[in-house]
Structures are given as structure tokens and as C-alpha cells.
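In case you want the letters, here they are:
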Amino acid sequence: MTLPQNIKSHFPIFTHHPGLLYFDNAATTQRPQVVIEAIEKFYKEENANIHRGVYPLSARASQAYERVRAQVANFIGAANSKDVAFTSGTTDSINRVASGYLKKQLEEGDNIIISALAHHANLIPWQMLAEEKKAELRVISVDAQGNVDLNELLKKLDRRSRLLAITSISNSIGTLNPVAEMIDLAHRKGVPVLVDGAQSTGLYPLNVRTLGADFYTFSAHKMFGPFGVGVLYVRPRYQDQIKPIHFGGGMIKRVQFSKTEFLDFPKNQEAGTPNVAGVIGLGAAISFCEKLDQVQCAKHLKSLAAYAKEAFASIDGLHLVGQPKDYGGIVSFTMDQVHPHDLAQFLGEEGIAVRAGHHCTQPLLESMGLAATTRASFSIYNSTAEIDQMLEALKAIKKFWE
Amino acid sequence: MTLPQNIKSHFPIFTHHPGLLYFDNAATTQRPQVVIEAIEKFYKEENANIHRGVYPLSARASQAYERVRAQVANFIGAANSKDVAFTSGTTDSINRVASGYLKKQLEEGDNIIISALAHHANLIPWQMLAEEKKAELRVISVDAQGNVDLNELLKKLDRRSRLLAITSISNSIGTLNPVAEMIDLAHRKGVPVLVDGAQSTGLYPLNVRTLGADFYTFSAHKMFGPFGVGVLYVRPRYQDQIKPIHFGGGMIKRVQFSKTEFLDFPKNQEAGTPNVAGVIGLGAAISFCEKLDQVQCAKHLKSLAAYAKEAFASIDGLHLVGQPKDYGGIVSFTMDQVHPHDLAQFLGEEGIAVRAGHHCTQPLLESMGLAATTRASFSIYNSTAEIDQMLEALKAIKKFWE
Amino acid sequence: MNPRLKNLYKEVILMHNAKPFHFQKMENEEGMIEANNPLCGDRFQFFLQEENGRITAAHFHGFGCAISKASASILTQKLEGKTRLEAQSLCAGFLGFIEGENREAISDQEIEAFAAVDEFPARKDCAILGWKAINDYLSK
Amino acid sequence: MNPRLKNLYKEVILMHNAKPFHFQKMENEEGMIEANNPLCGDRFQFFLQEENGRITAAHFHGFGCAISKASASILTQKLEGKTRLEAQSLCAGFLGFIEGENREAISDQEIEAFAAVDEFPARKDCAILGWKAINDYLSK
Ligand SMILES: Cc1ncc(COP(=O)(O)O)c(C=O)c1O
Ligand SMILES: Cc1ncc(COP(=O)(O)O)c(C=O)c1O
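Residue numbers (our numbering), protein chains in the order written: chain U, 462 to 863; chain A, 462 to 863; chain S, 2 to 141; chain G, 2 to 141.
None of these hints come from the bench; they were simulated from the model. Do not take every clue at face value.
The calculated DSSO-like cross-link candidates involving lysine-lysine, where the alpha carbons are at most 27 Å apart (straight line), are [as the list claims (entries may be wrong)]:
#1 U:Lys728 / A:Lys720
#2 G:Lys141 / U:Lys543
#3 U:Lys564 / U:Lys502
#4 A:Lys594 / U:Lys564
#5 U:Lys728 / G:Lys125
#6 U:Lys714 / G:Lys26
#7 U:Lys770 / U:Lys714
#8 A:Lys720 / U:Lys565
#9 U:Lys714 / U:Lys502
#10 A:Lys650 / A:Lys720
No experiment lies behind these values; they were computed from the predicted model shown.
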């Protein structure tokens, strides 16, 4: 399946809403039939808790759960399924690295480096930690087009840098970052790197090992999988150093009232009953993505964004926000006289789903003098014909507000 | 619906496995059709992220999500939907109280009180915190029958007690604790109480306000809802004191690179994209439970346990583990010469799903000189006829191993 | 235009959005009241001048959608001349109105324009943004 | 009895479970090796006596299911008389066997009995409990 014409037919939402132009994929994608069915089938035919149940349903559920771990590892290019922990999402994954790993490493006077493109999930955890530890949060700024400045990164990296946390694709303005180069720069100074892959995983080529990521995080719900499941990949050399921050069943070697010994990564990250059905759903989503050609998908998304940028910019008074050199399928803009929310409301009434707001990147927008934008974000089921429709809607809205 | 005869027909798993005797409800219950359908329908027809999307799908998803919050509040007897935060499960909820609330309160020399019945999720978080803060973890022991000793509780409570953390029903040996009395004793000394309601919520009468719980936690998956969703109720007077321990989108008032202001409880607990479909599923599970008569359900579970205890104890060499005065639908036992795992394996092959192990209560079992038990835990779809079948299977197994 | 939308974006709202009343940043920082919708980043500042328990002048400034801006404009206009108690009752009345209460009792055309948010619950927060902030301020 | 179960609980396993080889707690604490399955609470201690790089005696003790106990018993029996290197190769061979490797090459009836865990993957951990611990110990 390399972007077949009938891709939309795999997604039941479009059967129920034939007119829907779904351009809010950066917030969450739609789910294909195979993912919905996998979850349904699990609950109807295979449901049981895992954790060493010996009766057949539980034994099979445990196996299926671990099979998805291996599948994830293989999909992202990890060497071993043991490198992959299941979490409840990107936000959860990043917070675990902040509180479970970096907190123990960080001393007064150290610094953490992020970029101005950071989603709040890849900003606030570091900010809170820096504050607690009297460390410094260094922010690599972006230029007027929305590109990060590698020279600035180089200047900010020093002996006291303890982590570089970056984003594969800005969910707010679409910048596709030179992640491999950034990792290379950091590694030369011995600084580990966390990559927030929320916006790219699934539809972009990925191999965490050739990329060199030390920590890699993403959410199932942004790659056709269910809500409530995420992944934290940790490079083997850091696995001993990431401690659990949540405690409960399923993660222990031995518990006494006086002390507890924990299992190793990744099991030590999975306290409590895991989201078994969610993990099964993630497995189905990965199977779906495995059938796609990621090089093709990335191209498709970029070409949709390029097409939309050109089309929308033709409207007088419409301003693209961010014109980065390289980008994913995300276009942010403002329109004179029309607040982004009003714009999104008008588009919504036309069956066009876009998001308005700060997209959890408030400081980035503030640095651009903005409080909010309207954002269209594309996925594999979107087309230039849909963008044409949105263009017409934008023109009509502009007319109304004039 | 007060335990109608056809209750099993609501649960598709029994259609697919007509012979299944599912006695592992303490680990996770089965899901009724209405819950599975609610999730499926959401993904097929209503799927969108929440957080202030203005287009119709997102606006409706946001409303549905908040409606479940109100439904939960009403179901557990909270005054206001603002008293309820969604988490990923009981384990998550308890950890939030430990790291987000108690950590700030606890000083060297203070103490935290738990009971020996505690599930690891209601033990390790307090143990780790006590260790970090040089505080004391006090454990109320249980008598040979598995009852907690209220006199001991009274003795352990003192001026330095900062929290009492208790369990409504022991998932391991079934003890139904006198939670209201225990809360009363603690409150008289000004000590707040966390109730782990994982094993009772849904099928037992509950009103958190008349109960007086200061923190109340439970998991959707143990009350017919989906995996990956839980609830943390916090009594209004403590809401200002429970700080977020996870940071990300959706929980902020304002973010700058230099500092962040957070929203109030419960929003400050819900960083990142929530498990929207999971919360919708929890709503359907609560609707299902609302149609049940909780007094009846509690009676039914107790009578099943009483029946099973009498039946199983009639087997020579079979020993009930725990004979508490009051109990839920949980029966734990050992059989001479047969290890609990082997026993569970044999039962499993007969289509009888029971769990073997320490049930995440390792110190409790150790104090009874045991490493593991076999446990049968009942729900509304189980019957005495099923228990009769299990009795026959147990007899056959005993014979084989002699 | 879609009739549902037309109902939401009534003339009165569009007008107040385009030409908001006393839309101006003021100096008196101590009397400034922030109204802030964290989810969308909208933010207004209100500046009240009070004399003998009566609001003698009201201004506002900031950034927000048409619904929140128009509603802030109408609020500002109505605040002028009111005592604190009257202002509180005004705000409480509006907040109730948005929640669907007392619909018959209100016969103010400008306020009635906001009844349309019933159909757009996601926009309720926009409609009440300023009113809630002023109400909280006056209740303190 | 169900034939699948019969296949898992073969005569040889039941026998070793009922009458385990050298099932005895020993004094030599320094030579003690712990094997521990955290998920079920099963735990064995192995006690090896070594002389000139050769295991002269092996004992074990503890609590575990029939599969893990029988497999520990067979392991203990086989360890005696082996050099460290031979013992390591023995363990590695068994661990591989359980994962489905080299099935034809092995013609030891006691080891072959464990092929049945293929059908009960949840019990693989039981079968390898002791072998993995000894292998880890010898590899250090
Ligand atoms: C009494 C009790 N507390 C806490 C938990 C933990 O719940 P969860 O695994 O859903 O987080 C469980 C279930 O495993 C339980 O039975
Ligand atoms: C770049 C980026 N990082 C992190 C996140 C947070 O992901 P989640 O909300 O699934 O935890 C998102 C999505 O909101 C995102 O777009």
C-alpha cells in the first residue's frame, strides 16, 4: 500500500462524515478500520489482564502485548524489544526522562537545551526541573522563517550541558528539523539527546539507531493508533540510569514492607495494569504503517503543505506563519481582521476541521508577536482537491469579514 | 437491571468462549457490549482531540469528555465534577497523591500509615516517599483471619501521622475493610485518608462524601470499562495542595520560556492528550453500573464467595487463605502438594480462569508464610453453578497430583 | 452564509468586534483585571476607575476572538455608572444567561445576541471571558 | 487428563517435582545463587561446590511450581561433575532449546520433556528459571 487512491475508505470516520475535510492531524489522526477492529476484537474475544496469568486468555494477552513491544522496536529501528517501554503518551514519556533520568544527573549550574519550537510537553518538564535544580534552561531561537540556528546550538552546548531535547517536526509551524545533525553536534560534546517524535513517527522514515537518539518518544494517537498509549525508547547505555517515577504492581523483583527491589528497564517503567487493549491497537497501527512507504508519505505531506502554502498565500491579508526551509504537512497562518478562532469556526461549519490557538507552543508564537494561529495539518488521506475546497472557503470567509 | 438472569449475554467474551468460567475479575473484569460499542462508535463516528477545538467533532468530543467527568462525580457522590481528575489508573492516581500532595507535606520524623493488606500500588509509593523524606512507614498488621486491627490503627495514629492509605477490599484475600470507621478514627486525629477503591468501585454502594474520603482512586478496567483510564477524586479542601507531577499541554494558564502558570485541579493533573476514547468508555461503564443495584451486587458477590469457600474447604488438603469477617467476591487458597501455578494451569485447561501468584501483595503473603496462592475472584456474571464446576475440577486435580 | 453561523455572528457582535467600546490601554496598573483563556491564548485587560464605590469609567484592551471581544466591549459599556453591587449582579446575570438560566427575564438585545452560543458550547468560554474575570474581581 | 496437559506434565517432570535431586539447604552462603521469578514469587537457591574449576556437588532449595522445580532438579543433577565451561554450554544449550533452537541435536529425554512449553509460553519462564540464573552466574 503506497498511498493508494482508496486510502480514505480505510477510515470509517469518512464514511460517517462524507463531507469532512479533516485537517487536524497534528492534534490527532483518524483511526483506520483495522485499528478499531483490533481493539474491538481484543475486548470481545481475547480480553484478560497480563502479568503472568497462566490461563489461556491471559497467556495469549501477555504474548500479544510483548509481540507489540518487539514490533515497535523493529519499526523504529531499535535493536531489542527491551529498549522500548510503553507509556500513556509523548507527554508521559518526556516527563519520565525528566524526573526519572535527568533529575538525578542535573546539578546546580548545569544546563538543558531546547529549541524555541518546543511543544509545551517538551518544554515545561525541563523548565520545572531546571528551576528545582537551579540549572539553566537554554533556548535555541528560530529565525523569522522558523528555522533553528545550528550555530546557536553549537554555541549553547558546553561542558555543563546535560541534555538536548528537540522536536522532529514542529506541530505549530511545521518546521522539519535537521535532527540527525543536531544529535551529531550534541554527541560531539558528549551531550545526550531526547527526540520528541510525536509529529513524525509513522509517516517518516525512522531508525533510532542510525539517527543516534538517546531517548525517543511518541504517541500512538498521532499515528492512527488509540488514545492513551505512547512509547519511550531508551538507548541501552542510558537504561540503567532511568529510574521509575511511578510505583506499583508488575515492576518489582521483590517487595517487603521495609524495601523494594525493582525490575530493569523497560519493566520498571510499567507500574500498574498497562493499557493492554491500547497496546494491541498500537500494534495494529504499526502494522498499518508498515504497509506504507514512509519516503512516499513524507513526500506526500510536504507536497500537500507546499500546495496549501502557495494557495493560501494568494489570499490578500492572509499571512503564513513560519516559512521554514524544510517542513512536514503543517501550515499555520493568520488572516487580517479575523481572529483564528472565528476563522476555525467558519471553516468548521463548512465541514473543514482545523485548529486555532497557540498549539501548545505559546512562547514560540509570543516571540513572533502572535497569540494564536489557524493551523491545517495533513495526513495520508488528504488531497490537493480538499485544499482547493479550503481555499474557496477561506476566500468566502475573507469576503464576509471585510 | 438488578442482576438479571441474562447478564452474561451482555458480555461478548462469553459468546466467543461459551465454556469460559471467568474468575479473574480482581485482575480485570470483562467488558459489556455497550462499553465496547461506545469506544468503537467514538473512533468511527466522533473521533477528534479535545482541548478547545472549535470544529463540530472536536467541540462534541470535548463536551462528551466533560460529561463523563460530571457522570463520575455523580456516581461516586462527589459534589462537583471539578473534584474528579482522569488518570491512567489506580496506580497512577495513588502516585499522584504521593508525589503531588504528600511529598510537600512530609517532613523527617513524620509517618504514613498503611495496612498489611495493601496492594503494591498502595504500598511502594509511600515506602519510597518515606525513605526519601526520612519518614516512617507504619503498617497495621492483620490477624490470622486477615482482618485489620482497629486498635492497632488507633495506636499508630499520632501527631506526626500525615496520611492513612487504605484499601476498600483486599484484592488478595478478599477482606472488606471497615473503611468508614477507619476514616473516622484518622479524621479525629486530623489525618487525611486515601482510599484505594480499585476492588469495590462499581459494584458496591459508594458516596465519597458520606464516607469522608479525602482522596479516592479507582480504575475503569476493574469496573467493566477500558484499560488505561482511572480516576482520582480529591476532596475540595486538598485540591489546592495537590500539585502536578507531569507537565505538558492542556494544563497551563500561561507558558513563557522563563516560567509557567498552571490551571487548578483537576485540569493541572491532565497534562497531554487525554485518553478521550477511554474516558468515553468509562462513561459507558458507569452507565452500565448505574443500572445495577449496588446493594444487590455486593450481596451477590459475598454470597458467591461464601459458597465457594464452603465448597472448596470441603476438599481435604485445600486451605483457604484468609477468613475475614466481612469480605468481597474473592477467595484465595492453597492446595497441599500442588503449587498455585500448576493448579491454575490445570484449571485454565478446563476453561476456568483463575490467577496464581502473590497478587501484588507480596509482604502480606510472606507474613502468612506463603509465596503464592490461587485466587478466584467473582463478578456479576458468575454463578454458584460455575463454582460447582470449579469444585469438581479441583477434586480431579487433587486426585491427579496425589 | 450558513444560518447557524449567522445566528452566532449577529450584527451586534460583528459591530462590537469591529468597533469595540473604550478599547484602549490605560495607565492605572493597580486597577487592572486580567481575563485570560489559557486554552486559546486569548487575553484581555480591563481597567476600571472607581469613585465612592461606583465605576466611573471602564476600558479594556487585548486580543481575542469576535465573540470574546464583542462580549468584553458590551460588558465595558454596561459597567460604566454601576455600583459594585450592581455590576456584580450584572455579571452574575450574564453568566447565568449563558448557562441557559432566566432566558425570559432578560430583554436586553445585546445580551440576547449571545444566546446562540447554546449551539456552539465550545464558544461559551469566549462569551463569558470578561464577565467571569470581572465577577471574580468584584466578589473578592 | 487433557492430553495437552499430559504432554506438559510428563512423568519425568512429575517425578523430579515429587523427588527433587539434592533438594537441600546448604551452609556455604558464598556459593549461593538466587533464582527468582518476581512475577509469581517463585524462588530457588542453588549451592555449588567447586574444586579446580569443576563442580563437585550441586544442591538447591526453595519454592516453585512443578515445572520450575523439576527443571531445577534436572539442572542440579546435570551440573555435578561438569567444568565451568561445560556447565555454561549445558545451560546455554537448554536456554536455546526452550526458545526452539537445536531441537534435533538434543537427545536427552529429560531435557526433551520441556519441549512441551512451546504450547504454554507463559511457562517458559518456569522452565528456564534455574538455568538462566546459573548461566548468568557462570558468565560473570
Ligand atoms: C486493591 C488494588 N489496588 C490497586 C490496584 C492497581 O490498579 P491498576 O493496576 O489498575 O493501576 C489493584 C489492581 O491491580 C488492586 O486490586
Ligand atoms: C510535537 C509534539 N510533542 C508532544 C506532544 C504531546 O503529545 P501527547 O499529547 O500525545 O502526550 C504533541 C502533541 O500534542 C506534539 O505535537
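Hint by hint, here is what the structure shows:
Proximity of Lys728 (chain U) to Lys720 (chain A) is assessed by CA-CA distance (about 34 Å); at most 27 Å being required, the pair is judged violated. Straight-line distance between C-alpha atoms of Lys141 (chain G) and Lys543 (chain U) comes to about 21 Å, which keeps the hinted pair within the 27 Å bound. With a C-alpha separation of about 41 Å, the suggested pairing of Lys564 (chain U) with Lys502 (chain U) is violated against the 27 Å cut-off. For the hint pairing Lys594 (chain A) with Lys564 (chain U), the CA-to-CA distance comes to about 17 Å; that is within 27 Å, so the pair holds.
Simply put, Lys728 (chain U) and Lys125 (chain G) have alpha-carbon atoms about 18 Å apart, close enough for the 27 Å limit, and the pair holds. In summary, the hint linking Lys714 (chain U) to Lys26 (chain G) is supported, as the alpha carbons are separated by about 22 Å, within the 27 Å threshold. A distance of roughly 55 Å separates the Cα atoms of Lys770 (chain U) and Lys714 (chain U); the hinted pair therefore is violated under the 27 Å criterion. Between Lys720 (chain A) and Lys565 (chain U) the alpha-carbon distance is near 22 Å, which keeps this suggested pair within the 27 Å criterion.
Our distance criterion of 27 Å between C-alpha atoms is broken by Lys714 (chain U) and Lys502 (chain U), whose separation comes to about 33 Å. Under the criterion of a C-alpha separation no larger than 27 Å, the hint pairing Lys650 (chain A) with Lys720 (chain A) is inconsistent with the structure, at around 39 Å.
Going through the hint list in order, the structure does not satisfy hints 1, 3, 7, 9, 10.
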